[in-house]
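Visitor: The chain contents come next:
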Amino acid sequence: MKTGTVKAKTPKKETAYDLRLYVAGQTPRSLHAFANLKRICEEHLAGRYKIQIIDLLVNPQLAKGDQILAIPTLVRTIPKPARKIIGDLSNTDRVLVGLDIRPAGKWDGQ
Amino acid sequence: MTTPARSRKRESHPPELAKCATGIAGFDEITFGGVPRGRPTLVCGGAGCGKTLFGLEFLVRGARDYGEPGVCISFEEPTADLEANVRSLGFDLVALQKNKKLVIDYIQIEKDQIAETGEYDLEGLFVRIGYAIDSVKAQRIFLDTPEALFAGLSDEGTLRAELRRLFNWLKSKGVTAVITGEQGEGRVTRHGLEEYVSDCVVLLDQRVNHSVVTRRLRIMKYRGSRHGTNEYPFLIDEHGISVLPVTSVGLAHAVFEERISSGITGLDEMLAEKGYFRGSSVLVTGTAGSGKTSVAASFVAAACERGETALYFSFEESPDQLVRNMRSIGMNLDRWRKQGLLFIRAARPSAFGLEMHLLQMHQMIRETRPRVVVLDPISSLLGGGAQQDEVKAMVLRMVDHLKLAGATALFTAMMDDPGLETTEINLSSLVDTWIQLKNVENDGERNRLIQVLKSRGMAHSNQVREFNLSNRGIHFSPVYLGSGGVLTGSARILREAQERMENIAREQEWQRKQSLIQRGLRNLETQIHALQAEKEAQEHELALMGTEESSHRAAVNADRQTLSISRRESGGKPNGTSNKAGSKRI
Numbered sequence: 570m571k572t573g574t575v576k577a578k579t580p581k582k583e584t585a586y587d588l589r590l591y592v593a594g595q596t597p598r599s600l601h602a603f604a605n606l607k608r609i610c611e612e613h614l615a616g617r618y619k620i621q622i623i624d625l626l627v628n629p630q631l632a633k634g635d636q637i638l639a640i641p642t643l644v645r646t647i648p649k650p651a652r653k654i655i656g657d658l659s660n661t662d663r664v665l666v667g668l669d670i671r672p673a674g675k676w677d678g679q
Numbered sequence: 053m054t055t056p057a058r059s060r061k062r063e064s065h066p067p068e069l070a071k072c073a074t075g076i077a078g079f080d081e082i083t084f085g086g087v088p089r090g091r092p093t094l095v096c097g098g099a100g101c102g103k104t105l106f107g108l109e110f111l112v113r114g115a116r117d118y119g120e121p122g123v124c125i126s127f128e129e130p131t132a133d134l135e136a137n138v139r140s141l142g143f144d145l146v147a148l149q150k151n152k153k154l155v156i157d158y159i160q161i162e163k164d165q166i167a168e169t170g171e172y173d174l175e176g177l178f179v180r181i182g183y184a185i186d187s188v189k190a191q192r193i194f195l196d197t198p199e200a201l202f203a204g205l206s207d208e209g210t211l212r213a214e215l216r217r218l219f220n221w222l223k224s225k226g227v228t229a230v231i232t233g234e235q236g237e238g239r240v241t242r243h244g245l246e247e248y249v250s251d252c253v254v255l256l257d258q259r260v261n262h263s264v265v266t267r268r269l270r271i272m273k274y275r276g277s278r279h280g281t282n283e284y285p286f287l288i289d290e291h292g293i294s295v296l297p298v299t300s301v302g303l304a305h306a307v308f309e310e311r312i313s314s315g316i317t318g319l320d321e322m323l324a325e326k327g328y329f330r331g332s333s334v335l336v337t338g339t340a341g342s343g344k345t346s347v348a349a350s351f352v353a354a355a356c357e358r359g360e361t362a363l364y365f366s367f368e369e370s371p372d373q374l375v376r377n378m379r380s381i382g383m384n385l386d387r388w389r390k391q392g393l394l395f396i397r398a399a400r401p402s403a404f405g406l407e408m409h410l411l412q413m414h415q416m417i418r419e420t421r422p423r424v425v426v427l428d429p430i431s432s433l434l435g436g437g438a439q440q441d442e443v444k445a446m447v448l449r450m451v452d453h454l455k456l457a458g459a460t461a462l463f464t465a466m467m468d469d470p471g472l473e474t475t476e477i478n479l480s481s482l483v484d485t486w487i488q489l490k491n492v493e494n495d496g497e498r499n500r501l502i503q504v505l506k507s508r509g510m511a512h513s514n515q516v517r518e519f520n521l522s523n524r525g526i527h528f529s530p531v532y533l534g535s536g537g538v539l540t541g542s543a544r545i546l547r548e549a550q551e552r553m554e555n556i557a558r559e560q561e562w563q564r565k566q567s568l569i570q571r572g573l574r575n576l577e578t579q580i581h582a583l584q585a586e587k588e589a590q591e592h593e594l595a596l597m598g599t600e601e602s603s604h605r606a607a608v609n610a611d612r613q614t615l616s617i618s619r620r621e622s623g624g625k626p627n628g629t630s631n632k633a634g635s636k637r638i
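From first to last, the protein sequence lines stand for chains B and D. Per this note's numbering, residue 570 is the first one in the first sequence, and the count goes up by one each step. Per this note's numbering, residue 53 is the first one in the second sequence, and the count goes up by one each step.
Read the hints as simulated data drawn from the structure, not as lab findings. C-beta: ideal position from N, C-alpha, C; glycine also. Where hints are given, some of them may not hold.
If you want the footprint, here are the derived chain B segments under chain D, 3+ residues with CB under 8 Å [claimed, not checked]:
(1) 606-615
(2) 623-634
Cut-off 30 Å, straight-line C-alpha distance, at most; resulting in silico cross-link-like pairs (DSS-like, lysine-lysine) [as the list claims (entries may be wrong)]:
(3) Lys-326(D) to Lys-273(D)
(4) Lys-273(D) to Lys-150(D)
(5) Lys-607(B) to Lys-163(D)
(6) Lys-633(B) to Lys-163(D)
(7) Lys-619(B) to Lys-649(B)
(8) Lys-633(B) to Lys-153(D)
(9) Lys-633(B) to Lys-649(B)
(10) Lys-506(D) to Lys-587(D)
(11) Lys-633(B) to Lys-152(D)
(12) Lys-152(D) to Lys-189(D)
(13) Lys-225(D) to Lys-189(D)
(14) Lys-225(D) to Lys-273(D)
(15) Lys-633(B) to Lys-619(B)
(16) Lys-153(D) to Lys-223(D)
(17) Lys-163(D) to Lys-649(B)
(18) Lys-619(B) to Lys-506(D)
(19) Lys-152(D) to Lys-223(D)
(20) Lys-189(D) to Lys-223(D)
(21) Lys-223(D) to Lys-150(D)
(22) Lys-506(D) to Lys-326(D)
(23) Lys-150(D) to Lys-633(B)
(24) Lys-633(B) to Lys-607(B)
(25) Lys-633(B) to Lys-587(D)
(26) Lys-273(D) to Lys-189(D)
(27) Lys-153(D) to Lys-225(D)
(28) Lys-225(D) to Lys-152(D)
(29) Lys-390(D) to Lys-326(D)
(30) Lys-506(D) to Lys-565(D)
(31) Lys-633(B) to Lys-223(D)
(32) Lys-633(B) to Lys-225(D)
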């Protein structure tokens, strides 16, 4: 895509995650969100995720496509269906639920 | 297309507050120029009251008529739906978007797709709106309705803060915004948008009376500007929204000196021999079957006879029925219809709401430009579920509108109680001439009476007259006003016959007396002649006696002389002494 910063890890054979994080400028909240996302992905999706950061201040026209209102918004485009998580992603559990990544603990429990 | 804008701006008061003409018919009049320029205006009301249309018309008119491109941010309806919804109103949103006059952005909020973790703001929304505004250099924006955000996002505190920021941000960008809000229970909007948008609040309302919908608009608040405070009925029709300001026309209409015939000779006579004033409004009231329609139709026919265009709104009879019925009193209305002078428009009062009637009438008046307009009868509009004051307000607007157009209006109204000189709708003060028709029942018949209760600016008759409807038209006769009171119909004819008989009898009596006296006089004259003759005879006799006496005396003297002469001859005395002595002896 023609977007600015793209930080990606090469996807592997398991389900790949395509994630887009919408921000508006380098606000502390966006940086915070990105840091949180990075951490969660490394912990749960190591090696099979791709994060695309879209700065709406640079590309405002992109807000319409994913129906972005709130900032920051994380959109999971792959796997389908698309999922949206808004906020600074500080609550890891809710992010994992929102992204449909079942935490390891639950696996063990069942 | 810029002329209305310019004239509106001149009417407004720019020093107090810059205004932005919405282009919505009537709205700019009651707000004295439109919504506050560069500020948000809140339009709220219940579902289906026309909020979205108000906003879209504001954008479309702005883009089309005022050269102000606009942005529509829809939170509720997808772009395609909006486009389809207003296409019937002649608003081509697709073309406007193609010509870069309008941007529509549909903001979809689906709560179940959104998870919230941690803090966020609505910068995304700001970016989208800002982008839309910049892409067409928009001066107007319509948000419909940001309250939908409350349904999609759970952090109300953040939401409220962000909405406040949004409206301030729009203000700082200088765009004129119209924001809609759903009416909440006991408050203006469900989520209290009025807390953030406080410059101008417009309430839309939709009421159902007797299954007929009436829409109303009210300016609840307009900071820094005067505005009409009434509830104004408004219509949504194929031209969009039309607000009908009750007193927008005012009393500044031109006045005519010209008089026009009522179409009835007797009625013209009652109206100072000339008829109605042109441009005046006439009210004809009466009970059922008192001849209101006939009076109205005569007026229309007279106008057509003069070559004027006439418009007849019939709320009870179909055009053909009216034509047929009037034929029975010798009036050929069909002729005028064929000549294109007479337009009859019939509609059941209950067919649609009052304002729709009013609008249709306005349209017909605009199309046909009549000199004479009849509404027959306005009282039946009450039956359509409208309230008295609504009908009155409507008639008032109609009166104003027609006066401004220089058309003479005749309204008929049904009156239940002929004794009361008030109409059901209390219209009398609105009209210039009020004619009352009455049916008087006595001696087993009903007779028609007509009187002019008032007629501004002319010395009208104070008489009650009787009139007849026959196949030769409407004929007037003066009612009998005598010792027996007001008599009509056969009672009047009978009374008149009686009076005729009485007159004949008196005439005969007088003649009889006259001849009697003449005879007496003649007798006296004969007597005078006889007496005169007698007098003359007596005088004659007297004269005869006089001559006899004197001749007798002369004879005696002559004898005496003869005797004395003979004595002197024997006694020898002188003549003188003997004469003296002789006289002594006598």
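Visitor: Each hint needs a verdict: does it hold in this structure or not?
Guide: To see whether the hints hold, each was checked on the structure:
no.: 1; hint: 606-615; result: violated (count 0)
no.: 2; hint: 623-634; result: holds (count 6)
no.: 3; hint: Lys-326(D) to Lys-273(D); result: violated (51 Å)
no.: 4; hint: Lys-273(D) to Lys-150(D); result: violated (36 Å)
no.: 5; hint: Lys-607(B) to Lys-163(D); result: holds (25 Å)
no.: 6; hint: Lys-633(B) to Lys-163(D); result: holds (17 Å)
no.: 7; hint: Lys-619(B) to Lys-649(B); result: holds (15 Å)
no.: 8; hint: Lys-633(B) to Lys-153(D); result: holds (19 Å)
no.: 9; hint: Lys-633(B) to Lys-649(B); result: holds (19 Å)
no.: 10; hint: Lys-506(D) to Lys-587(D); result: violated (78 Å)
no.: 11; hint: Lys-633(B) to Lys-152(D); result: holds (18 Å)
no.: 12; hint: Lys-152(D) to Lys-189(D); result: holds (9 Å)
no.: 13; hint: Lys-225(D) to Lys-189(D); result: holds (11 Å)
no.: 14; hint: Lys-225(D) to Lys-273(D); result: holds (23 Å)
no.: 15; hint: Lys-633(B) to Lys-619(B); result: holds (21 Å)
no.: 16; hint: Lys-153(D) to Lys-223(D); result: holds (21 Å)
no.: 17; hint: Lys-163(D) to Lys-649(B); result: holds (17 Å)
no.: 18; hint: Lys-619(B) to Lys-506(D); result: violated (89 Å)
no.: 19; hint: Lys-152(D) to Lys-223(D); result: holds (22 Å)
no.: 20; hint: Lys-189(D) to Lys-223(D); result: holds (15 Å)
no.: 21; hint: Lys-223(D) to Lys-150(D); result: holds (27 Å)
no.: 22; hint: Lys-506(D) to Lys-326(D); result: holds (15 Å)
no.: 23; hint: Lys-150(D) to Lys-633(B); result: holds (18 Å)
no.: 24; hint: Lys-633(B) to Lys-607(B); result: holds (25 Å)
no.: 25; hint: Lys-633(B) to Lys-587(D); result: violated (146 Å)
no.: 26; hint: Lys-273(D) to Lys-189(D); result: holds (29 Å)
no.: 27; hint: Lys-153(D) to Lys-225(D); result: holds (18 Å)
no.: 28; hint: Lys-225(D) to Lys-152(D); result: holds (19 Å)
no.: 29; hint: Lys-390(D) to Lys-326(D); result: holds (28 Å)
no.: 30; hint: Lys-506(D) to Lys-565(D); result: violated (50 Å)
no.: 31; hint: Lys-633(B) to Lys-223(D); result: holds (23 Å)
no.: 32; hint: Lys-633(B) to Lys-225(D); result: holds (21 Å)
Checked against the numbered hints above, the structure breaks hints 1, 3, 4, 10, 18, 25, 30 and satisfies the rest.
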